[in-house]
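With the working numbering applied, the sequence shown corresponds to residues 27 to 243, in that order.
Everything labelled a hint here was simulated from the structure, so no lab data went into it. Watch out, some of these pointers could steer you wrong.
Heads up, simulated DSBU-like pairs for lysine-lysine below, C-alpha to C-alpha not over 30 Å straight-line [said to hold, decoys possible]: (1) Lys101 <-> Lys167; (2) Lys167 <-> Lys206; (3) Lys65 <-> Lys96.
Quick list of the computed label-pair ranges, beta carbon to beta carbon [stated by the list, open to error]: (4) Glu164 <-> Asp126: 36 to 44 Å; (5) Glu95 <-> Glu128: 15 to 23 Å; (6) Pro92 <-> Arg63: 28 to 36 Å; (7) Gly188 <-> Gln150: 36 to 44 Å; (8) Glu128 <-> Asp158: 42 to 50 Å; (9) Lys206 <-> Glu147: 31 to 39 Å; (10) Lys91 <-> Lys206: 34 to 42 Å; (11) Pro156 <-> Gly102: 35 to 43 Å; (12) Ala99 <-> Ile149: 25 to 33 Å; (13) Lys206 <-> Leu89: 32 to 40 Å; (14) Glu128 <-> Glu157: 45 to 53 Å.
Computed from a prediction, not measured in an experiment: that's the story for all the values here. For glycine and all other residues, C-beta sits at the position ideal for the given N, C-alpha and C.
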Amino acid sequence: MTYYDAGDNTQVFNAVWYPDPEYNLPILGIDILAFNRKKYLAIVDFQPIHDEEEDHAARYEHLLKPIKEKYDALKGRMSSKFYDETQHFSQQMLFARFDDEEIVSRDLFPAFQSYVQTHLELIQSSERRPEDVKMVLESQKDYDTYSAERDPAAGLFAAMFGAEWAEDFVHDFLFSMSEKTEGGPPPSMPFMGGPPGGAPAGAPPRTGAPEQQHRRP
Numbered sequence: 027m028t029y030y031d032a033g034d035n036t037q038v039f040n041a042v043w044y045p046d047p048e049y050n051l052p053i054l055g056i057d058i059l060a061f062n063r064k065k066y067l068a069i070v071d072f073q074p075i076h077d078e079e080e081d082h083a084a085r086y087e088h089l090l091k092p093i094k095e096k097y098d099a100l101k102g103r104m105s106s107k108f109y110d111e112t113q114h115f116s117q118q119m120l121f122a123r124f125d126d127e128e129i130v131s132r133d134l135f136p137a138f139q140s141y142v143q144t145h146l147e148l149i150q151s152s153e154r155r156p157e158d159v160k161m162v163l164e165s166q167k168d169y170d171t172y173s174a175e176r177d178p179a180a181g182l183f184a185a186m187f188g189a190e191w192a193e194d195f196v197h198d199f200l201f202s203m204s205e206k207t208e209g210g211p212p213p214s215m216p217f218m219g220g221p222p223g224g225a226p227a228g229a230p231p232r233t234g235a236p237e238q239q240h241r242r243p
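Please build the complete structure, drawing on both the sequences and the hints.
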């Protein structure tokens, strides 16, 4: 889990929750970003860890559909510039880019709470399968590598703290099972605080890294 607080200028909350590998279950992925209290980006999803998801998805997407149906503001589509929606994203992903701050408390927060609670209940109701551990860990590693190569937050961190720091942070903390590949961090999204290499206008000096909490014991 990562929380970056630059006051009203920039707020970033990122959390990726990996079930114990004895559970062949999706990862709970959360990205919530706010810029100048005028631009917001939110992604909340049960992220599949396998290439062929028909049977896997059937186990949980029916639990999410009635939640998503309540919130029209969270039914957006992400840009293919960063991700392929057919890989590691479910059909019930919550996605929104908006400029109305009221949506945060009216729609995003209750939907976020419902997805987190449903993920917890899914784990509690599932049986452990120790024989699946090797396969699940390999799938989680593939997920980490895919995400590390594409996460647009890396562009924001590169702008704030430099490309080297951002690359280490993404590969060694956010997605610690990922394999590093050639190339720098992904570009930042259009309203993510400016191009890599320079701090956003009005941003605080680059004196502190985001707060971090390790995701695995």
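So, going through the hints one by one against the coordinates:
As the CA atoms of lysine 101 and lysine 167 are separated by approximately 28 Å, the hinted pair is consistent with the 30 Å bound. Only pairs whose Cα atoms come within 30 Å are accepted, and lysine 167 paired with lysine 206 is accepted, the gap being roughly 12 Å. Straight-line distance between C-alpha atoms of lysine 65 and lysine 96 comes to about 22 Å, which keeps the hinted pair within the 30 Å bound. Roughly 42 Å separates the CB atoms of glutamate 164 and aspartate 126, a value that falls within the hinted 36 to 44 Å.
The hinted range of 15 to 23 Å is satisfied by glutamate 95 and glutamate 128, whose Cβ atoms lie roughly 20 Å apart. Here the CB-CB span from proline 92 to arginine 63 is close to 31 Å, well matched to the stated 28 to 36 Å. Roughly 42 Å separates the CB atoms of glycine 188 and glutamine 150, a value that falls within the hinted 36 to 44 Å. Distance hint for glutamate 128 and aspartate 158: a CB-CB separation of about 43 Å, consistent with the stated range 42 to 50 Å.
At about 36 Å, the beta-carbon gap between lysine 206 and glutamate 147 stays in the expected band of 31 to 39 Å. The beta-carbon spacing between lysine 91 and lysine 206, approximately 37 Å, falls within the hinted interval of 34 to 42 Å. One distance hint, 35 to 43 Å for the beta-carbon pair proline 156 and glycine 102, holds here, with the actual separation near 39 Å. In this structure, alanine 99 and isoleucine 149 meet the distance hint of 25 to 33 Å, their C-beta atoms being roughly 28 Å apart.
Judged by the Cβ atoms, the range 32 to 40 Å given for lysine 206 and leucine 89 holds: they are separated by roughly 35 Å. The hinted window of 45 to 53 Å between glutamate 128 and glutamate 157 holds, with their beta carbons roughly 48 Å apart.
Hint compliance for this structure: every hint is met.
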